[in-house]
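There are 2 protein chains.
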Amino acid sequence: MAGNGEVVSNKQVVLKNFVEGFPKETDMEVKTSSISLKVEEGSNAVVVKNLYLSCDPYMRNRMTFSENPEFASYIKGSPIQGYGVGKVVNSGHPEFKKGDLVWGTTGWEEYSLIKNPQVLFKIHHTDVPLSYYTGILGMPGITAWAGFYEICTPKKGEYVYISAASGAVGQLVGQFAKLMGCYVVGSAGSKEKVELLKNKFGFDDAFNYKEEKDLNAALKRCFPEGIDIYFENVGGKMLDAVLLNMRVRGRIAVCGMISQYNLTRPEGVYNLMNVVYKRIRIEGFAVFDFFHQYSKFSETVLPSIREGKVVYVEDVAEGLENAPGALVGLFSGRNVGKQVVVVAKE
Amino acid sequence: MAGNGEVVSNKQVVLKNFVEGFPKETDMEVKTSSISLKVEEGSNAVVVKNLYLSCDPYMRNRMTFSENPEFASYIKGSPIQGYGVGKVVNSGHPEFKKGDLVWGTTGWEEYSLIKNPQVLFKIHHTDVPLSYYTGILGMPGITAWAGFYEICTPKKGEYVYISAASGAVGQLVGQFAKLMGCYVVGSAGSKEKVELLKNKFGFDDAFNYKEEKDLNAALKRCFPEGIDIYFENVGGKMLDAVLLNMRVRGRIAVCGMISQYNLTRPEGVYNLMNVVYKRIRIEGFAVFDFFHQYSKFSETVLPSIREGKVVYVEDVAEGLENAPGALVGLFSGRNVGKQVVVVAKE
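Those protein sequences? They're chains X and G, same order as listed.
Going by the working numbering, the first sequence opens with residue 1, and the numbers climb by one from there.
Going by the working numbering, the second sequence opens with residue 347, and the numbers climb by one from there.
Treat the hints with care, since some could be wrong.
Each pair of labels, with its calculated beta carbon distance range [unchecked claim]:
hint, chain 1, residue 1, chain 2, residue 2, range
1, G, G527, X, D289, 31 to 37 Å
2, G, G654, X, F288, 42 to 48 Å
3, X, Q293, G, V657, 58 to 64 Å
4, G, S650, X, E212, 38 to 44 Å
5, G, T472, X, F288, 53 to 59 Å
6, X, K198, G, A563, 47 to 53 Å
7, G, T499, X, N216, 29 to 35 Å
8, X, E211, G, E441, 55 to 61 Å
9, G, H638, X, G226, 24 to 30 Å
10, G, S424, X, N216, 30 to 36 Å
11, X, E225, G, S424, 47 to 53 Å
Computed footprint of chain X on chain G, listed as stretches where at least three residues anywhere in the stretch have a Cβ under 8 Å from a Cβ of chain X [what the hints assert, rightly or not]:
hint, region
12, 594-602
13, 608-618
14, 623-636
One side of the interface only, derived from the structure: several residues of chain G facing chain X at Cβ under 10 Å [to be verified]:
hint, residue
15, S379
16, F411
17, L476
18, E578
19, G582
20, G675
These are calculated hints, taken from the structure and not from any lab test.
No residue lacks a Cβ here, since even glycine has one placed at the ideal position from N, Cα and C.
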């Protein structure tokens with residue numbers, strides 16, 4: 001590892017163009033810059049060596065120019081930002097020291113200068129794979145946990161449906177729901193993913209939405225009694241079909257709507273009158289509202305991982321060069337499980 | 347009033363045809379039948395003389411053939427059912443006696459045999475107009491009260507928007523919101539109604555949605571800071587425009603979607619991604635889930651009525667003959683305020 005003050009070369013993935021429609025690898029560019037590993041005297045900043053980077057659907061929204069301050073656009077010509085795992089190389093912040101492992105928002109580059117290190121979480125447990133802090137023990141993990149337990153308000157025996165169910169968040173929601181004693185069905189976009197849902201994650205049933213001509217019929221087949229809880233990752237036509245199949249006082253936790261992010265005009269949703277007829281609650285949530293519960297979350301989930309009660313499937317791309325392709329692949333469903341990029345192993 | 351056991355003629359409004367599209371007066375028929383005012387020995391039933399009948403938008407849904415058990419269709423050839431105020435003529439039920447005033451579900455006819463009188467509420471206070479028990483002190487009142495306080499979870503100073511704001515429910519929600527110290531804007535479909543909102547009900551602002559080419563622009567003009575609470579009575583395009591103007595952690599209480607009830611295919615709603623971006627909660631509710639709180643509700647609202655802190659505007663149609671027109675008029679916005687039908691004054 002580089003010493004104090006050393007200027008080193010820094011490979012980066014930068015945004016070349018704001019994206020319209022489906023993102024392409026060529027919207028990003030891999031280039032080499034340089035960075036000083038020194039932290040300026042009196043600064044609170046830290047310099048982090050990035051080890052694992054997380055590819056998450058919400059990043060698509062930041063690739064478009066937007067005036068929404070909650071989802072600030074990326075800056076053209078600057079590195080993509082996202083969640084990642086890194087090792088502190090130098091620190092001006094009293095709570096971080098050289099060698100600390102951290103996860104949180106970082107840049108898509110080999111080294112990042114992080115000026116507000118208070119957004120980083122320290123990693124205290126390394127008996128599990130470090131990459132898990134981009135997934136089950138990171139942002140997607142607490143998303144699944146808060147979204148399921150806080151927003152879905154689940155009860156034992158309820159009927160739970162999860163779309164994009166083999167993804168970073170969906171696979172966990174399904175396992176949490178099974179642990180609670182719910183009946184769990186997931187949908188995904190390939191035979192391989194459907195097998196994973198049924199055989200690896202223990203879902204009661206699963207279907208390939210790409211092979212269903214009629215999503216309403218597919219849901220009626222899987223849920224003859226209707227759906228109590230829908231964990232929404234997809235939006236559009238899927239949401240419309242779900243609304244027809246919700247039970248009275250059903251809950252829809254809206255985690256994302258990946259099917260809509262690349263459309264110039266989103267699809268219409270026509271069945272919202274069911275919200276009145278069935279007294280449905282539809283609730284959007286954002287993981288950062290739950291970050292203050294991270295310790296409680298990780299103390300609950302770590303033992304489940306160690307005991308094998310919860311498993312996690314990752315799809316790992318090697319090297320920053322392959323990061324643009326990995327990110328773009330999310331939107332065609334190329335990834336099987338949580339998409340991670342390895343920048344360096346240590 | 348007729349005595350025990352007497353058979354009397356009974357004018358009725360019956361459903362002639364299941365409705366598609368906008369209901370027409372000719373979908374109903376006023377006919378004269380006869381009824382025994384006697385209650386069979388050993389029966390729990392009561393016979394009620396109907397005084398005031400309530401015209402409510404949800405009734406449109408019962409005029410269509412539906413398999414939804416929560417909104418059972420009316421029976422062709424039988425009287426329309428709805429909320430009303432009546433006087434007990436005879437009772438086989440220990441909790442009701444001749445002369446009691448009641449409100450609850452009854453038939454659109456002069457006299458109704460009510461076999462499950464436990465659905466009726468006794469009227470204890472007659473220093474307010476009896477017709478109020480079809481409105482501010484009846485189903486619309488508890489709808490506004492529960493919808494606003496329980497579903498909207500309002501806070502002082504929040505920005506509240508109400509559609510169909512001069513209607514049976516909307517006018518109350520606006521007044522409740524003002525009493526709480528919210529900033530309140532309503533929309534309605536005529537100049538007269540807009541004046542009512544501003545001058546009679548004390549809304550901070552109001553607009554005629556029929557005169558706005560761009561609902562999004564109208565809402566931006568009225569809510570430059572955005573909307574915290576939307577009390578949804580309308581659906582469709584209005585909901586779509588509201589979604590663009592909601593603030594972070596906004597709440598939408600879905601009371602009804604009157605703009606959609608008469609469409610063969612409901613309008614699409616395109617802006618649901620805001621549910622994620624702004625962490626919005628959209629929640630449907632049904633008044634009957636709150637009927638057990640009726641005493642608490644009426645004890646809160648009665649003093650406000652007596653002290654003039656809350657006012658109520660009714661649109662009163664005279665006689666059962668005019669009931670079909672009054673009901674149909676709801677869907678063209680003909681009524682100004684709560685639509686009531688007087689069957690008899692006592």
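Hint check results:
1. G:G527 x X:D289: 31 to 37 Å: With Cβ atoms ~26 Å apart, the hint is violated.
2. G:G654 x X:F288: 42 to 48 Å: Holds, since G654 of chain G and F288 of chain X (Cβ atoms, about 47 Å apart) stay within the stated range.
3. X:Q293 x G:V657: 58 to 64 Å: Because 46 Å falls outside the window, the suggested range is violated.
4. G:S650 x X:E212: 38 to 44 Å: Violated - the Cβ-Cβ distance for S650 of chain G and E212 of chain X, about 54 Å, lies outside 38 to 44 Å.
5. G:T472 x X:F288: 53 to 59 Å: holds, 55 Å
6. X:K198 x G:A563: 47 to 53 Å: holds, 50 Å
7. G:T499 x X:N216: 29 to 35 Å: This hint holds: roughly 33 Å between Cβ atoms.
8. X:E211 x G:E441: 55 to 61 Å: holds, 58 Å
9. G:H638 x X:G226: 24 to 30 Å: holds, 25 Å
10. G:S424 x X:N216: 30 to 36 Å: holds, 32 Å
11. X:E225 x G:S424: 47 to 53 Å: violated, 31 Å
12. 594-602: holds (count 4)
13. 608-618: holds (count 8)
14. 623-636: Three-residue rule met by the region 623-636 of chain G, so holds; n is 11.
15. S379: violated, 32 Å
16. F411: violated, 15 Å
17. L476: violated, 29 Å
18. E578: Where the cut-off is 10 Å and the nearest Cβ of chain X is about 9 Å from E578 of chain G, the hint holds.
19. G582: holds, 9 Å
20. G675: violated, 22 Å
Consistency note: the structure conflicts with the earlier hints numbered 1, 3, 4, 11, 15, 16, 17, 20.
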